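Keeping the supplied structure of chain A fixed, place chain B upon it in accordance with the hints.
Number of protein chains: 2
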Amino acid sequence: MNLDRFSVNQMTVKQLALPELIAHCVRLGIPGVGLWRAPVQEYGIEAAASLVRDAGLAVTTLCRGGFFTSDGWEEDNRAAIDEAVTLGTDTLVLVSGGLTPACPDLLSARARIAEAIGELTPYAGEHGIRLAIEPLHPMYASDRCAVSTLDQALEIAERFPADQVGVTVDTYHLWWDDRAPAAVERAGAQGRIHSFQLADWTTPLPAGVLNGRGQLGEGCIDLRAWADLVEKAGYTGPVEVELFNDELWARDGVEVLEETLERFLAV
Amino acid sequence: MNLDRFSVNQMTVKQLALPELIAHCVRLGIPGVGLWRAPVQEYGIEAAASLVRDAGLAVTTLCRGGFFTSDGWEEDNRAAIDEAVTLGTDTLVLVSGGLTPACPDLLSARARIAEAIGELTPYAGEHGIRLAIEPLHPMYASDRCAVSTLDQALEIAERFPADQVGVTVDTYHLWWDDRAPAAVERAGAQGRIHSFQLADWTTPLPAGVLNGRGQLGEGCIDLRAWADLVEKAGYTGPVEVELFNDELWARDGVEVLEETLERFLAV
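Residue numbers (full-length UniProt numbering), protein chains in the order written: chain A, 1 to 267; chain B, 1 to 267.
Okay, chain A solo, but in the shape it has when bound (with noise of 0.2 Å):
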């Protein structure tokens, strides 16, 4: 794929604080990254902002808002779409919430997170701000989110307009679903896919199946077939890689986002 498409999402390399982030995506020509709002938090959203548009870099996503299905959500996703505005980004990629004594179950969770979103759509609306509903892979279902499937997620979404509330299509949550492909027709006919990103599927999983997703060509994952079913259904926007990996974590960040950047050319 294109240098041109390229965003890396601050979570592939964590061990690099933002200045340095920021500083090798210039001296490597990386036109986008995706941020994480605890990190920025850290740093501080105005300097953040600040660091990010001097440099000249694009904000494809701030990752996340989410977890509807937890008390406070209302309040947390406000805040998380004042901090993308700030950040300069359209899109809010949102982690909808698993189970909760409030929510016992994956249909009473999804009916929770429907309604939060049409609650949430008015003030995102305002603010220029798109919400990516991110289906997670169902080993996620209880604890994280209980939306599984771009079906699932293309069911709420499709209840409003398309350039308030799409998706997200991430490889390593849906490679295994047979029926993605169709959906992913269907939510790029409705101009609803607002985020695409990228991770490669390597097992053993870890303890707790966070920080496994694997460097681009290292899993099983055909990512050239998957750039090609998404770029078919209409999208010509950025590209994420989002890597969750202690083993990556646990290296040179610079040489992680150099490999990070040539495994992503050769896609």
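There are no misleading hints in this set.
Per label pair, the in silico range of CB-to-CB distance: (1) B:86 x A:232: 51 to 57 Å; (2) B:104 x A:47: 42 to 48 Å; (3) B:71 x A:217: 22 to 28 Å.
In short, the hints are calculated from the structure, not lab data. Note that this is a predicted model, so its numbers are computed, not measured. The beta-carbon is built from N, C-alpha and C at its ideal position, and this holds for glycine as well.
For chain B alone, coordinates are given in the frame of chain A:
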């Protein structure tokens, strides 16, 4: 659920030697066991068969055949069928296999699996053994089983007579899937539910994600709803409890067996 439906899969209490397991099943009035090939082979197939037969226990399934994407599958699966006959069960559970150099993607793997089952069916039929394709959770799609949903399992099973090829419905693997209830109904209407297994879903998942299946009642699955669903679909056979769980294996086997029985009766 009633005691007369209960079957304990040998792996749930793998710390118990077969004679111990059988003796405690008899003492507790447990009418059936599901057996695994490796420990039964170690004990001796004929000896295991006598032991179970003399105790008056039903062998509800033999686990497992499959791994059709690897070399040597045919010989291995014929042996599994022979062992099933000797042990006196009519059902061989199939874990179909994941990605291999010969089947590097899910589509080719599932095509290979369907083809292999077609080649195996005559031999199984001649020996009175039903094949029960088990969809495994998508987190196993790459390394253990490219058949991830009940729909996919049925799509293969439906190419063959229902009394020869059916499916295994296991709550642990299917609970997350909003399409599974309709598939259970379809499988039941066709007489293709050849095995029904219970395990609960608990997090965090352990490294490798193999041995974290929750004791009944410890997790988030509405097991009663699943039992009702399968029953409404027309299945009235044995209900196996199959737990792979390092914590349960570290405990006294008899205590775990008694606890599992209690939990089953409470569902």
